[in-house]
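K.L.:
So you can see what is in the structure, the chains are spelled out below.
Protein chains: 2
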Amino acid sequence: MSFADAVNYKAIQLCRRAVEMTAAAGSGHPSSANSLAHITAVLMYHKMRYDLMNPWNPHSDRLVLSEGHAVPIIYAAYADLGGVVGTDPANGRKLSVDDLKTLRDIESVLDGHPNPAVGFPFFDAATGSLGQGISVAAGLGLAAQMDGSDKTIYVLCGDGESREGQIWEALDFLADRGLTNVRVIFNCNKMGQSDYVSDQQSPETLAAKVKAYGLHPVVINGHDPDAVLQALSLAPPEGKPVVVIARTTKGWGVSELQQVGYHGKPLTGEGADAALEELKLPDPPPDVQLCPAMPKGEIPEADGGPIAMPDPDFTELAEGTKFADGAAKGELATRHAYGLTLLALGKASDRIVALDGDVSNSTFSQLFGQAFPERFFECRIAEQNMISTAAGLAATGKVPFANSFAKFLVRAYDQIEMAAYTCANVKIVGSHSGISLGADGPSQMGVVDTAFFGSLASVRTPKGHPGAVVLNPCDAISTYKLTCLMADYEGLAYMRTLRPTTPFLYQPDETFRLIGQKVLVEGKDLVIVSWGYMVHESLKAIETLKADGVECGLVDAYSLPLADDFLETVGGATLLVVEDNYAGGLGSAVAVAAGDRTGVRVGTMTPERMPKSGKSADDVLAYVGLDSDSICRRVRAVLGKA
Amino acid sequence: MSFADAVNYKAIQLCRRAVEMTAAAGSGHPSSANSLAHITAVLMYHKMRYDLMNPWNPHSDRLVLSEGHAVPIIYAAYADLGGVVGTDPANGRKLSVDDLKTLRDIESVLDGHPNPAVGFPFFDAATGSLGQGISVAAGLGLAAQMDGSDKTIYVLCGDGESREGQIWEALDFLADRGLTNVRVIFNCNKMGQSDYVSDQQSPETLAAKVKAYGLHPVVINGHDPDAVLQALSLAPPEGKPVVVIARTTKGWGVSELQQVGYHGKPLTGEGADAALEELKLPDPPPDVQLCPAMPKGEIPEADGGPIAMPDPDFTELAEGTKFADGAAKGELATRHAYGLTLLALGKASDRIVALDGDVSNSTFSQLFGQAFPERFFECRIAEQNMISTAAGLAATGKVPFANSFAKFLVRAYDQIEMAAYTCANVKIVGSHSGISLGADGPSQMGVVDTAFFGSLASVRTPKGHPGAVVLNPCDAISTYKLTCLMADYEGLAYMRTLRPTTPFLYQPDETFRLIGQKVLVEGKDLVIVSWGYMVHESLKAIETLKADGVECGLVDAYSLPLADDFLETVGGATLLVVEDNYAGGLGSAVAVAAGDRTGVRVGTMTPERMPKSGKSADDVLAYVGLDSDSICRRVRAVLGKA
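Chains A and B supply the protein sequences, listed in that same order.
Note that the first sequence ends on residue 643 in this note's numbering; no numbers are left out.
Note that the second sequence ends on residue 643 in this note's numbering; no numbers are left out.
In short, the hints are calculated from the structure, not lab data.
Do not take every clue at face value.
Put simply, identical chains are the same to the list, so a pair is met inside one copy or across any two.
[Said to hold, decoys possible] With a Cα cut of at most 20 Å, we get these calculated PhoX-like pairs of lysine-lysine:
{"id": "1", "residue 1": "Lys297", "residue 2": "Lys616"}
{"id": "2", "residue 1": "Lys616", "residue 2": "Lys102"}
{"id": "3", "residue 1": "Lys323", "residue 2": "Lys642"}
{"id": "4", "residue 1": "Lys348", "residue 2": "Lys48"}
{"id": "5", "residue 1": "Lys191", "residue 2": "Lys541"}
{"id": "6", "residue 1": "Lys547", "residue 2": "Lys323"}
{"id": "7", "residue 1": "Lys266", "residue 2": "Lys323"}
{"id": "8", "residue 1": "Lys102", "residue 2": "Lys191"}
{"id": "9", "residue 1": "Lys191", "residue 2": "Lys642"}
{"id": "10", "residue 1": "Lys266", "residue 2": "Lys616"}
{"id": "11", "residue 1": "Lys330", "residue 2": "Lys348"}
{"id": "12", "residue 1": "Lys191", "residue 2": "Lys48"}
{"id": "13", "residue 1": "Lys616", "residue 2": "Lys212"}
{"id": "14", "residue 1": "Lys297", "residue 2": "Lys48"}
{"id": "15", "residue 1": "Lys297", "residue 2": "Lys541"}
{"id": "16", "residue 1": "Lys241", "residue 2": "Lys541"}
{"id": "17", "residue 1": "Lys102", "residue 2": "Lys330"}
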């Protein structure tokens with residue numbers, strides 16, 4: 002019996018299980034799953050080298066299922082092969098075919114869409130929001146290149162999915178970096194959810210596009226095992242990454258599932274019976290046994306180990322650089338301090354890598370890029386690809402810092418949310434945050450970032466961490482310390498940095514917690530709580546008010562979520578939270594924290610109206626009602642001294 | 002003297018002004034601006050037919066500056082021609098060359114990046130966050146097609162910018178719809194911000210890509226006026242939209258600006274003097290006078306007029322549809338009610354148009370699409386393009402409803418934020434919101450949406466509206482009423498709809514305000530404030546608590562921002578806000594509103610941890626701590642009855 006027969010047998014078996022498990026779940030996507038039956042069988046039973054007993058084995062080939070809804074076919078194969086599941090090696094156990102019936106159960110590791118964080122570590126990233134997989138694979142491929150590993154990263158994408166712009170950002174990136182260790186497979190089953198896919202996503206057009214992008218397209222019949230194997234094994238011609246374009250049948254093997262309107266529809270009752278009747282297994286079964294080969298290489302003890310921390314004082318860090326004068330004077334933009342810290346981290350630990358979206362001379366990730374070009378990835382103006390690539394890098398134990406303007410990162414919030422579900426150890430740094438940027442106007446200002454990341458900060462991940470840690474330091478010293486803590490922290494963290502120069506408010510030996518706050522000024526009448534640039538504007542207001550006999554305290558609440566001891570530390574019965582981002586960030590968190598305490602009043606100040614360009618930060622702050630005069634007015638009003 | 006000489010003269014003049022105005026502003030992008038000098042001169046002085054005295058004239062050709070940072074060159078031309086600026090015809094005034102010195106001033110209509118909302122109506126959309134312009138142009142082009150207008154929409158994009166995936170989503174869309182009235186011009190000046198652009202964005206590769214996308218590329222010298230004019234005038238071959246790929250010089254005419262490191266850098270002092278020295282105007286000036294032709298066509302009285310409202314009761318609306326039974330029983334998913342309402346709105350007003358991202362059979366925009374195929378735009382799986390296209394449609398007076406899963410819309414938050422700055426009259430509807438979706442898991446759940454849109458809701462636009470209105474109705478009746486109000490409202494609004502069926506809580510004759518709340522249950526011990534699905538879960542809890550002698554009230558707080566009378570209407574000194582989205586939405590808004598009142602306690606409940614798949618909504622709600630049992634426990638704890 003031939004290889005093809007053996008694959009076909011497995012494919013039918015997997016299709017049966019996909020039908021059965023989605024029937025048991027009462028939901029799911031058997032039609033998409035079954036279109037991948039032969040490709041999955043060739044990959045998981047033969048082509049991929051991977052370690053079924055240790056899915057964390059770093060030498061294994063990897064599979065990224067970009068079209069996450071097709072996951073039942075992967076679960077079916079993995080269960081059949083008895084692969085290990087679990088959130089970490091300590092709680093690993095073999096998946097059984099019986100477990101497939103738990104698909105989408107609240108207790109099950111078999112989530113509706115791929116997610117390693119809930120216990121399916123065969124995958125490196127949560128997928129299901131479409132278009133992100135090739136970028137994740139690019140990150141895995143970059144890491145393999147850096148580590149001298151010869152593993153291959155396979156990535157399965159839908160044809161309808163290939164309409165997502167991120168797919169083409171990712172292909173540009175594969176071409177730019179010559180990532181021949183990534184093998185993209187487009188599953189062209191011709192149907193989307195609501196209709197047939199556009200001709201713009203036909204196999205012919207996809208092949209033409211892929212070629213124009215400088216990659217090597219191969220169009221095959223995705224249900225022909227020999228053709229699939231050949232395409233997956235093809236050596237990259239002229240160093241061009243190979244992209245396999247597989248013509249497939251949605252709902253392969255089951256007539257009912259092949260109709261429009263059967264996206265995401267399980268078959269139940271008679272429908273399921275008829276499907277299983279159609280999906281007849283050949284008798285006798287094949288006499289060829291398929292199973293994947295083991296990857297080669299020793300398994301390292303730990304996953305990279307702790308990040309070494311730079312230990313000089315900040316001023317030492319700046320010595321010999323163009324920031325030395327600013328550091329000596331005690332005045333520097335936090336983005337400058339961040340750049341210096343990233344460079345120092347890069348020197349201390351080779352797990353640190355950085356990515357930027359063509360603004361490295363503004364974010365100051367450039368300092369790292371110039372020192373460590375082999376660990377710096379210029380992602381160009383394509384933020385979505387940058388974030389998902391960072392998630393891929395993080396899955397290998399690298400500690401990626403992804404940099405852009407805070408505003409441009411809004412482009413990648415979907416990708417960031419998915420990275421949060423993955424519990425990806427990604428650090429995201431947004432410069433030019435808030436409205437102190439001034440002249441460039443709102444299209445360049447990060448003002449919704451604290452609400453978005455703050456919302457992620459409000460939930461716990463499966464690992465028990467906040468979904469995101471948000472940092473908004475006000476000066477160079479705290480930026481230095483917090484960047485180090487962020488690197489050392491295992492989880493998703495976001496830091497805002499500022500365009501303008503701000504004076505140092507901390508001494509070099511000040512110590513910080515990742516999640517915490519600092520009392521900068523004690524004051525009996527009212528306590529201003531602020532972060533980032535607005536700490537400085539608040540200080541101005543406090544000086545003015547002091548001259549009038551009003552004594553305000555000031556707390557630098559540099560992080561979200563708030564620390565457990567936040568209210569206790571802040572003290573005071575009357576708080577005023579001042580921030581230059583739209584509502585939903587710090588002020589909301591403080592109001593929520595204080596909400597069910599009696600006797601604590603919390604006022605909040607956020608921009609009253611959308612900013613526009615102004616020649617100075619002061620002009621724009623006044624325009625939106627956040628300059629120090631506005632703060633003074635508000636304090637007086639709160640205290641009844643207006 | 003030739004056309005080319007006349008254009009060249011204007012180009013030099015415009016470059017001089019771009020240098021001068023950015024020098025005066027102390028910031029800006031003269032190098033990018035000057036790379037567009039000849040293209041701008043050909044377009045604005047000759048090729049475009051437009052009405053300088055009435056930039057709102059609907060018959061005018063339009064220009065979308067996707068690479069918004071290059072805007073000084075456009076301002077220079079518009080000022081030279083004496084075009085009208087202002088936020089509406091009532092306050093229109095001619096822009097003068099003197100005004101150019103106000104670039105980026107807080108009082109100026111000349112913002113750092115294009116924005117019609119601050120008074121530069123020559124543009125239809127705020128740009129500056131890159132990659133969005135072609136999609137906006139596609140929306141303008143669709144509207145022109147619908148209106149039988151022969152106007153042309155020109156759109157200028159950077160080469161570095163063409164790395165953004167959205168650009169390619171937009172080109173797919175142009176090809177799909179055969180939008181030959183959109184003429185894309187790629188400005189290939191070879192330099193990004195931090196470095197040269199990748200070879201993936203070279204003129205040759207761009208041409209190959211454009212061809213593969215089924216469009217017609219024309220590569221020209223962007224500083225050759227005749228070549229520019231010819232390319233802009235080329236009739237679309239075989240009905241394929243023409244894409245002009247213009248080789249240009251960044252910092253044209255000024256040696257200093259042509260170096261790497263001069264992105265976004267104005268020249269001042271000697272640098273500016275040297276630049277003006279280089280940019281010598283030919284003497285004598287050309288004897289050909291260039292000026293744009295007027296567009297043809299009567300100017301209609303008003304901009305479309307008010308939206309006619311459907312007036313039947315909801316049950317009548319559902320009659321004869323597959324939802325009739327559900328409506329009669331008083332149980333229907335809000336997404337079904339939304340679909341029926343959108344259809345009714347479509348019948349009432351032909352200004353209503355709809356877009357979807359291949360999920361119209363889930364969002365139920367399908368009902369509209371089947372009835373009005375000429376007003377329904379299938380955008381496929383490309384949410385970014387969908388939103389910016391909707392913004393383009395809105396600029397022409399259409400009232401676009403853009404639909405997808407609430408989760409997939411996260412992909413387009415950058416585009417949505419830009420639409421908010423435009424004050425675009427766009428309606429966005431996200432289905433499968435919250436975690437009641439259950440089985441599909443977090444990759445399909447809209448849970449950060451209320452924080453994001455809530456943050457926009459916290460600021461006022463230049464028109465005085467909230468940056469966004471957020472609606473989260475709990476039943477079919479309120480969905481019907483609020484969808485109608487949303488259509489009638491002039492501004493950006495977002496509605497969440499639910500996957501599962503929910504019982505009707507309102508009578509057909511209930512009247513609603515767009516921004517408001519409804520007291521559903523009176524109760525003396527504590528008032529639960531909720532929205533969307535959680536209103537029902539809260540009702541369950543209230544029933545249970547009642548049996549124990551605890552009397553809780555319930556308020557359906559269906560909108561953000563909160564109404565001015567919110568706290569007054571809610572009454573009660575002890576509030577508990579319950580919602581199935583991450584923090585930053587309703588609970589935050591209530592806590593902030595109540596924050597500086599003494600005597601009002603506000604507790605909040607949002608998911609304690611990230612959701613995962615569960616077979617039922619109840620399973621997932623229990624998993625994240627939001628089922629009715631959890632609500633009861635919390636109420637008892639708050640009231641000290643635990």
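K.L.:
Checking each numbered hint in turn, tell me which of them this model violates, lowest number first.
P.N.:
1, 3, 4, 5, 6, 8, 9, 11, 12, 13, 15, 16 and 17
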